[in-house]
Amino acid sequence: MTFTNSIQLVYVLAAACFVIGLHLMNSPATARRGNQVSTAGMTIAIVATLILLIHAGTVTAIGWTVLIVGALLGSAVGLWSARTVQMTAMPQLVSMFNAVGGGAAALVAVYEYIHDESAVGGVLGSKTVFTVLDVIIGSVTFTGSLIAAGKLQGLITGSPVMIKGGRAINLVLIVVALGSAAFMLTTASLPALLLVVLASLAFGVLMVLPIGGADMPVVISLLNAFTGTAVAMAGFVINNWALIVAGALVGASGGILTKLMADAMNRSLSNIMLGGFGTGDTAVAAVAAGDAQIRSIAADDAAIQLAYASKVIIVPGYGLAAAQAQHGVAELAALLEDRGVEVSYAIHPVAGRMPGHMNVLLAEANVPYPQLKEMDEINPEFPRADVALVIGANDVTNPAARRPGTAISGMPILDVDQAQSIIVVKRSMGTGYAGIDNELYANPKTSMYFADAKKAVAEMTAAVKTLVG
Amino acid sequence: MSTTLVTDLTIFILALLVGIEVIGKVPATLHTPLMSAANSIHGIVLAGALLIGLTAHNAVGYILAFVAAFFAAANVVGGYVVTGRMLKMFRRKAAPPAVPAAQAPEAAAAEQRESVRS
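Protein chains in written order, with the working numbering: chain A, 32 to 500; chain B, 5 to 122.
Possibly wrong hints are sitting among the right ones.
[What the hints assert, rightly or not] Derived pair list, reagent style EDC-like, types lysine to aspartate or glutamate, alpha-carbon separation capped at 16 Å:
#1 B:Lys-29 to A:Glu-368
#2 B:Lys-97 to A:Asp-407
#3 B:Lys-29 to A:Glu-362
#4 B:Lys-97 to A:Glu-373
#5 B:Lys-92 to A:Glu-395
#6 A:Lys-290 to B:Glu-25
#7 B:Lys-97 to A:Asp-369
#8 B:Lys-97 to A:Glu-368
#9 B:Lys-97 to A:Glu-362
[Said to hold, decoys possible] Label pairs and their calculated CB-CB ranges:
#10 B:Leu-13 to A:Ala-107: 34 to 40 Å
#11 A:Arg-433 to B:Leu-13: 32 to 38 Å
#12 A:Pro-411 to B:Thr-7: 27 to 33 Å
#13 A:Gln-184 to B:Ser-6: 23 to 29 Å
These are calculated hints, taken from the structure and not from any lab test. Just so you know, even glycine gets a beta-carbon here, dropped at the ideal spot from N, CA and C.
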């Protein structure tokens, strides 16, 4: 067996570790082991690469310095951000990792192209195709993810930014990128490649800017899929199996999550990418809200309902995380559990800013994961619940989604209205992202608790404590 | 079409199918750690970044190698650490073990199901 083949085999071993690692993530009980297996795979792949570099002996002293310093600095930054990030800011961090991953993949292809171009005959054929794909996808991911992270962090407005003639500019950018790419198929040209890079970078910015904050779960998933694909393309360019397999796995993961998120919003991908949700052109008034009776409730009454229930389902939405109320909710739930009340959480797929975000926020607040129920699992349980406590969730509880003709028609929702009684914690009667009234609030079983989520939860907890002494 | 290309494409497509199969089984509860785990896996691009060093002998090569290594290392290290941090938070029971009597049989049953599966 030649030396190169042995290295290739190590890469296959690493790829197997990635697959096993992902497989172990099918249960929270084994997921940590999965992450360790995956880390082990990564370690052997990197060590094998270093051995390959040493064995080849062509890396210059400057080359080693550059690689080691770059990798160490990058590791330090990665480590620091991973250790210090708040769980609410997780979508931003994942977005940043998407950006650097995609950026690195694009750079690998760009370097390879520069290197080959200086060689005799330049680069032609299938390698060019992969180079161009890598550079386009990687660059779009790089700027797109940076913009997404900026929006999530609040550095850029979360509402859709519509640029006049944005679509025309996008079209021009696509034509420039594809035109240059087509030219490169017949003539090796570095300027053409750089043109592709620039057009793609600009396209990434314009692609994400018009997308609203509530659509971020889809955008992050999509950019994740992009990064994976870019890395796989880089694998084709440098003919490296580890990159191809890892990229394909991530591409599959991102693709699946994108579809799940889009389905959970009942929106097509193109609809989201074209942006402008909640701008008013699709919203139809649900019911005449004027004649609906809204019942409001205070902490004491809410506490009585909760303390004497046998089953309570808490429905958290992003408003809960925005108000930093997750720890308070967990405390209230623990208090109820101590009284023998069965408590579970109904988690809508798009309850946070990225897939599964709400679960992480609640897990951080010390909520045991068996209490976190997915939509399909919890919906049949609502009729058995004495109280459904809705905190910071809106559109995902609106029964109007079951009827045709509304802005959210067809969107899968949590069957909160099936519960025996419903308490909605909300600051005002304001509408959700879809911009329509929530029919749940006019339900005779519903009581509205008008307060900030954190304050309301604290008040209810205090009231329950007084009540049961 | 070269043999290399055919081999690479075969690997790519098989890996894609394996990915779809494996990831489809991950519960929604773990979707955020899944995405960050996937993130760390695409940090393998660090291998690609290091390989630039093989042939980089001028300023442009060094700069590209440096930036690529920096990006990829941040990706891979940060990804694994943050995934581990998140997964550590997922507990079967709340930290102070306070399982009320009404909940206990169900929790025990769930535990049993879990052990049967694994």
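What hints, given by number in increasing order, does this structure fail? Violated hints (numbers, rising): 1, 2, 3, 11, 12, 13; every other hint is consistent with the structure.
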